[in-house]
Amino acid sequence: MNRISRFYVKANGCFAKIAVSAVTVLAGLIACGARLPSVRAATTAKAPQFLPLNVHVGEKAPDFALLSAGGQLVRLSQFAGKNVLLDFYEGYW
Amino acid sequence: MIVAVSTDSIEKARWSKERIKLPFPVLSDEKRTAMDLYNTRSLSTYKGPEGGPYNHATLILIDANGTIRWIYRNPDYRVRSTVEEDLAQIRKLQGSAASSLGKGHVK
Numbered sequence: 001m002n003r004i005s006r007f008y009v010k011a012n013g014c015f016a017k018i019a020v021s022a023v024t025v026l027a028g029l030i031a032c033g034a035r036l037p038s039v040r041a042a043t044t045a046k047a048p049q050f051l052p053l054n055v056h057v058g059e060k061a062p063d064f065a066l067l068s069a070g071g072q073l074v075r076l077s078q079f080a081g082k083n084v085l086l087d088f089y090e091g092y093w
Numbered sequence: 094m095i096v097a098v099s100t101d102s103i104e105k106a107r108w109s110k111e112r113i114k115l116p117f118p119v120l121s122d123e124k125r126t127a128m129d130l131y132n133t134r135s136l137s138t139y140k141g142p143e144g145g146p147y148n149h150a151t152l153i154l155i156d157a158n159g160t161i162r163w164i165y166r167n168p169d170y171r172v173r174s175t176v177e178e179d180l181a182q183i184r185k186l187q188g189s190a191a192s193s194l195g196k197g198h199v200k
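Protein chains in written order, with this note's numbering: chain W, 1 to 93; chain Y, 94 to 200.
What the hints contain is simulated information worked out from the structure, not anything from laboratory work. One should not assume that every hint holds.
Claimed, not checked - Quick list of in silico lysine-lysine cross-link-like pairs, DSBU-like style, CA-CA up to 30 Å:
1) Y:Lys185 / W:Lys82
2) Y:Lys124 / W:Lys82
3) Y:Lys124 / W:Lys60
Unchecked claim - Ranges between beta-carbon positions, derived for each pair:
4) Y:Glu104 / W:Arg75: 15 to 23 Å
5) Y:Glu177 / W:Ala65: 28 to 36 Å
6) Y:Ala181 / W:His56: 15 to 23 Å
7) W:Gly70 / Y:Asp169: 32 to 40 Å
8) W:Gln49 / Y:Ala181: 21 to 29 Å
9) W:Ser77 / Y:Ile164: 26 to 34 Å
10) Y:Lys124 / W:Leu51: 30 to 38 Å
11) Y:Glu104 / W:Gly58: 35 to 43 Å
12) Y:Arg171 / W:Leu51: 15 to 23 Å
13) Y:Ala181 / W:Gly71: 32 to 40 Å
Said to hold, decoys possible - So, partial list: chain W residues that the calculated Cβ filter (under 8 Å) puts toward chain Y:
14) Phe50
15) Val55
16) Glu59
17) Lys82
18) Phe88
We treat Cβ as the ideally placed atom computed from N, Cα and C, and that holds for glycine.
Looking at chain Y on its own, in the form it has when it is part of the complex (with noise of 0.2 Å):
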């Protein structure tokens, strides 16, 4: 299961959702909960057209029972991890627990 989360509105989300017709749940995190409660604030200085902090890019994954086994940042927010790196993470985790990605829908 993949959980994307942005500071984006819901109507931005449901852009992003439909336009690029991603299959699993698209947050709005408007008001920044999620953002301060993992500390994933950005400290650079653009801001977006809708003014206000932003998420520094960042890959949490989580195991069946909600324990943190994997966390991807880099320190220039324009590189991302590899899809092979973010697979071979998810693999690894998929190996050492029965459970896996589940293809859950949220609409």
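Just chain W, same shape as in the assembly (with noise of 0.2 Å):
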């Protein structure tokens, strides 16, 4: 009777002890998932998709050559006498 009757005792505190950690574990779901949105739109607004431009209103444009889609050489001073809108693009349109 003894036997049974501790061992009883050993599960059944086991079993409030599972409970127990179960309760924690949930709580701590729920508090982790009631923050997580939170703290995902704060990371976003913080963080920054780029850095400062080397360039500003009022400097003149750093001239550069690259090839274009004809495989032609084009520098951005040869355009010197236009107005100029340069577009940095993604690419894969």
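Build the complex from these two chains, which are given one at a time in their own frames, with help from the hints.
Listed below in structure tokens is the structure:
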């Protein structure tokens, strides 16, 4: 009898422990879930997607030479005398 | 004059130019020289199929003397300036200077 009751108490204690830890985990998950969106929003709002440019309004536009779609070497400075809208885009249109 | 710059290969740049029939130079900055010169590099972790960093969309309006007169960037790369805004800036520049955005064509 002693053995059986002791086992029962032990088993019962174990179950209680599991139940308590399950409740803790659940509470933790709920807390995390509730906090996650706000944490995520704060991160996206703060994280910069670009660094400051090396150039500013009022400065001379640095010259560069690149190959065009037609394989021709094009220099920015060759358009001197014209207004130029320089469009840096991501690619993969 | 409009000059388009991306990190696309010449083949991709040609594809863009021909498919959308762009009447202005489409330049290939595969080695990221112009990107690093102007620092237009995006910090976003997205990588294109060819890999490597790419531009955060940036518009730079340069006058006939080579001076930068207007810059447009948006913290959200998906937000572009409107055509109306671009044209307003160009007209402002044309009003202050005698030159205009010529219809130059570079093959």
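Hints, verified against the model:
1. Between lysine 185 of chain Y and lysine 82 of chain W the alpha-carbon distance is near 14 Å, which keeps this suggested pair within the 30 Å criterion.
2. Distance restraint check for lysine 124 of chain Y and lysine 82 of chain W: the Cα-Cα separation of roughly 27 Å lies within the 30 Å cut-off, and the hinted pair is therefore satisfied.
3. A C-alpha spacing of about 23 Å is found between lysine 124 of chain Y and lysine 60 of chain W, which places the hinted pair at or below 30 Å, so the restraint holds.
4. For the pair glutamate 104 of chain Y and arginine 75 of chain W, the supplied restraint of 15 to 23 Å holds, since their beta-carbon distance comes to about 22 Å.
5. Between glutamate 177 of chain Y and alanine 65 of chain W the beta carbons are some 32 Å apart, a value that agrees with the proposed interval 28 to 36 Å.
6. Hint check: alanine 181 of chain Y to histidine 56 of chain W, Cβ distance near 21 Å, so the stated range 15 to 23 Å holds.
7. Separated by about 33 Å at the C-beta atoms, glycine 70 of chain W and aspartate 169 of chain Y satisfy the suggested range of 32 to 40 Å.
8. Against the hinted window of 21 to 29 Å, the Cβ-Cβ separation of glutamine 49 of chain W and alanine 181 of chain Y comes to about 25 Å, which satisfies the hint.
9. Between serine 77 of chain W and isoleucine 164 of chain Y the Cβ separation comes to about 19 Å, which falls outside the hinted range of 26 to 34 Å.
10. Separation of lysine 124 of chain Y from leucine 51 of chain W is about 19 Å and departs from the stated range, judged on CB atoms against 30 to 38 Å.
11. For the pair glutamate 104 of chain Y and glycine 58 of chain W, the supplied restraint of 35 to 43 Å holds, since their beta-carbon distance comes to about 37 Å.
12. Hint check: arginine 171 of chain Y to leucine 51 of chain W, Cβ distance near 18 Å, so the stated range 15 to 23 Å holds.
13. Checked against the given bound of 32 to 40 Å, the beta carbons of alanine 181 of chain Y and glycine 71 of chain W, roughly 35 Å apart, stay inside it.
14. Look at phenylalanine 50 of chain W: its Cβ gets to within about 4 Å of chain Y, closer than 8 Å, so that hint holds up.
15. Interface hint status for valine 55 of chain W: upheld, as the beta-carbon distance to the closest one in chain Y is roughly 5 Å, under 8 Å.
16. With 8 Å as the threshold, the beta carbon of glutamate 59 of chain W comes within range of chain Y, its nearest partner Cβ sitting at about 6 Å, so the hint holds.
17. Look at lysine 82 of chain W: its Cβ gets to within about 5 Å of chain Y, closer than 8 Å, so that hint holds up.
18. The interface hint given for phenylalanine 88 of chain W holds, since its Cβ lies 4 Å from the closest Cβ of chain Y, which is under the 8 Å cut-off.
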